[in-house]
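Heads up: the sequence lines are chains A and B, in that order.
So for the first sequence, this note's numbering puts the first residue at 1; every next one is plus one.
So for the second sequence, this note's numbering puts the first residue at 1001; every next one is plus one.
Everything labelled a hint here was simulated from the structure, so no lab data went into it.
Built from N, CA and C at the ideal position, the CB exists for glycine as well.
Treat each hint with caution, since some may be false.
Unchecked claim - If you want a taste of the chain A side facing chain B, the calculated C-beta under 7 Å gives, among others:
id	residue
1	130
2	131
3	132
4	135
5	138
6	154
Claimed, not checked - Below, in silico cross-link-like pairs of lysine-lysine (DSS-like), each with a Cα-Cα straight-line distance of 25 Å or less:
id	chain 1	residue 1	chain 2	residue 2
7	B	1198	A	147
8	A	198	B	1147
9	A	130	B	1166
10	A	182	B	1147
11	B	1130	A	198
12	B	1173	A	130
13	A	173	B	1147
14	B	1182	A	147
15	A	178	B	1147
What the hints assert, rightly or not - Taking CB as the label site, the calculated pair distances span:
id	chain 1	residue 1	chain 2	residue 2	range
16	A	63	B	1002	42 to 48 Å
17	B	1287	A	101	53 to 59 Å
18	B	1211	A	218	38 to 44 Å
19	B	1213	A	130	58 to 64 Å
Number of protein chains: 2
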Amino acid sequence: MASLTVPATVPSPAEDCEQLRKAFEGWGTNEALIISILAHRNASQRRLIRDTYARIYGQMLLKSLNDEISGDFERAVILWTLDPAERDAMLANEALRNWKPANRTLIEIACARTSTQLFAVRQAYHALFKRSLEEDVAAHTTATFRKLLVPLVSSYRYEGPEVNMKLAKSEAKILHDKISHKAYDHEDLIRILTTRSKPQLIATLNQFNNEFGSAFNKNLKSDPKDEFLASLRAAVRCFCCPERYFAKVARVAIEGLGTDENALTRVITTRAEVDLQLIKEAYMKRTSVPLDRAVAGDTSGDYERMLIALLGA
Amino acid sequence: MASLTVPATVPSPAEDCEQLRKAFEGWGTNEALIISILAHRNASQRRLIRDTYARIYGQMLLKSLNDEISGDFERAVILWTLDPAERDAMLANEALRNWKPANRTLIEIACARTSTQLFAVRQAYHALFKRSLEEDVAAHTTATFRKLLVPLVSSYRYEGPEVNMKLAKSEAKILHDKISHKAYDHEDLIRILTTRSKPQLIATLNQFNNEFGSAFNKNLKSDPKDEFLASLRAAVRCFCCPERYFAKVARVAIEGLGTDENALTRVITTRAEVDLQLIKEAYMKRTSVPLDRAVAGDTSGDYERMLIALLGA
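Could you put the whole structure together from the sequences, leaning on the hints where they help?
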């Protein structure tokens, strides 16, 4: 369930472009007008606006936005305006240029998208960066992380509903055996997590819970500071309960001193057209505070208004 | 350069189907008629014939072929009649069901196809087997081979012509270093071979040759019986000189006692629409015997006639 709201009658792309052009004209910029248009158009409408803008004004809309606005507001508007696959390719590249084990962007892109969407990200990555996604992941990540991330971003999982219960049982045992020996990066554990279809994997993890009396992820908490274990847990949560996973990313971004604007923008722009409504419900359930109120309390100005608009307020 | 010959005026799919139906009718089968049609139609024409046949006769053409013909001839006709991506998916699955280190089918599919073709194979594999290709590769291969084959079949290499010479130099050094220490399955060696674009890889291998005075593949011959080293050499040859690689597969299939029909059929059906003309030239250069004469000398009957037709005689 998306949170994006699109008006019942949408102006033509040419009309939207004219309004955007007006928002950029003269002294200062009309940020409210930009938000009122772009934050209320779906991916194919935004694509049409970008194409029309380039045709009419001989300039890229993203370039104009880049000239007119700045800071967290600019980042949110530009990430949102991109096609989903392009946006993910940009986010992945950004994560790789300064890769840190604590960054979960690659895990999210590899595990919380459909197989077809992930492949579209790989195509967009070729077009934007003249390299392959897996090539950059392999070159910029290290050791254990590389063993996990390269097959994750290269996966093209089967998407049918079929589940093989015999396999689920045998692989639950393998997972338990590897975890019992703290062999968290064992090739069989990585193989199961990176190649099996999501329904098959969920059956295996349920089997794990039934057979061994505690959830797979609970067994990956031996060292709370271990970022590799945290990455495995994030992957599992992206498969099994993406809305609760993203609600937590938003919560961590908002809580504590300061705000992690990058993470907050990432959650809102990548999920507004997917399941942000469910994320809001999961957030409310966990914190007893509506996500839009929490966002409003922690951000300000045009950036705040952009996020609130995408949250469907 | 393909070897396939298609007549200047091709009958309509309905006419072709009618003739095929005639070939199947009554006592016995008219194999020559089957060959005269199917062995002289390109992939999109064969696809149309299959669709039309199913519509007119309410039966799958492949099923009718399966009922009417047998042995090596059947295998050649059916493999040829399939779409290229479906054919590769079938060949990969066949190789995996009884996987042996000496089988090079997966290497060929991963390394001698374009990125888009390899992705189409992965899509066809989903549709045919309800699992992903990489999932079966990971589950059926072992140890060192798995380390190489999973990333190879999962790759989606960048296909632009750009080459980074600085990178080629540094990675040639890495390859040389790993090989000097006999670390043939080192993760950096695997990473370079499985993720870099083909032009980049060729630049790196040329650099290797220039800098260290002998070809990369020459350095992978320390143990002629080591199938992993042979697989690495096959991958490199599929990247750099597919026509010479396939000419050798055909030569090995033909030479010696008995014929390896599976390998011969694989080379001819997978390359007839790609570069079989070049493979014939490479074969001639190496053996001084035309490939079609060698095939005719080593096979017989309808199987021989089918292969000779695909060879463009």
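Consistency of the hints with the structure:
Here the hint on residue 130 (chain A) is kept, as its CB sits about 5 Å from the closest CB of chain B, short of 7 Å. Because the smallest distance between the Cβ of residue 131 (chain A) and any Cβ of chain B comes to about 5 Å, under 7 Å, the interface hint for this residue holds. This hint holds: residue 132 (chain A) has a C-beta 5 Å from the nearest C-beta of chain B, less than the 7 Å allowed. Given hint, residue 135 (chain A) at the interface with chain B, holds; its Cβ is 4 Å from that chain's nearest Cβ, closer than 7 Å.
Below 7 Å, beta-carbon pairs count as interface contacts, and residue 138 (chain A) has one with chain B at about 5 Å; its hint therefore holds. Given hint, residue 154 (chain A) at the interface with chain B, holds; its Cβ is 4 Å from that chain's nearest Cβ, closer than 7 Å. In summary, the hint linking residue 1198 (chain B) to residue 147 (chain A) is supported, as the alpha carbons are separated by about 23 Å, within the 25 Å threshold. Proximity of residue 198 (chain A) to residue 1147 (chain B) is assessed by CA-CA distance (about 23 Å); at most 25 Å being required, the pair is judged to hold.
Using a Cα cut-off of 25 Å, the hinted pair residue 130 (chain A) and residue 1166 (chain B) holds, with the two alpha carbons roughly 16 Å apart. For the proposed pair residue 182 (chain A) and residue 1147 (chain B), the alpha carbon gap of about 21 Å is at most 25 Å, so the pair holds. Restraint check: the Cα-Cα separation between residue 1130 (chain B) and residue 198 (chain A) comes to about 13 Å, which is no more than 25 Å; the hinted pair holds. For the given pair, residue 1173 (chain B) sits about 23 Å from residue 130 (chain A) by alpha-carbon distance, which is consistent with the 25 Å threshold.
The suggested pairing of residue 173 (chain A) with residue 1147 (chain B) holds, with an alpha-carbon distance near 22 Å, which does not exceed 25 Å. For a cut-off of 25 Å, the pair hint linking residue 1182 (chain B) to residue 147 (chain A) stands: about 21 Å separates their Cα positions. This hinted pair checks out: residue 178 (chain A) and residue 1147 (chain B) have alpha carbons roughly 18 Å apart, not beyond 25 Å. Residue 63 (chain A) and residue 1002 (chain B) have their C-beta atoms about 45 Å apart, which keeps the hinted 42 to 48 Å range intact.
Taking the beta carbon of each, residue 1287 (chain B) and residue 101 (chain A) are about 55 Å apart, inside 53 to 59 Å as hinted. Between residue 1211 (chain B) and residue 218 (chain A) the beta carbon distance is about 52 Å. The supplied range of 38 to 44 Å is therefore violated. The hinted range of 58 to 64 Å is not satisfied by residue 1213 (chain B) and residue 130 (chain A), whose Cβ atoms lie roughly 31 Å apart.
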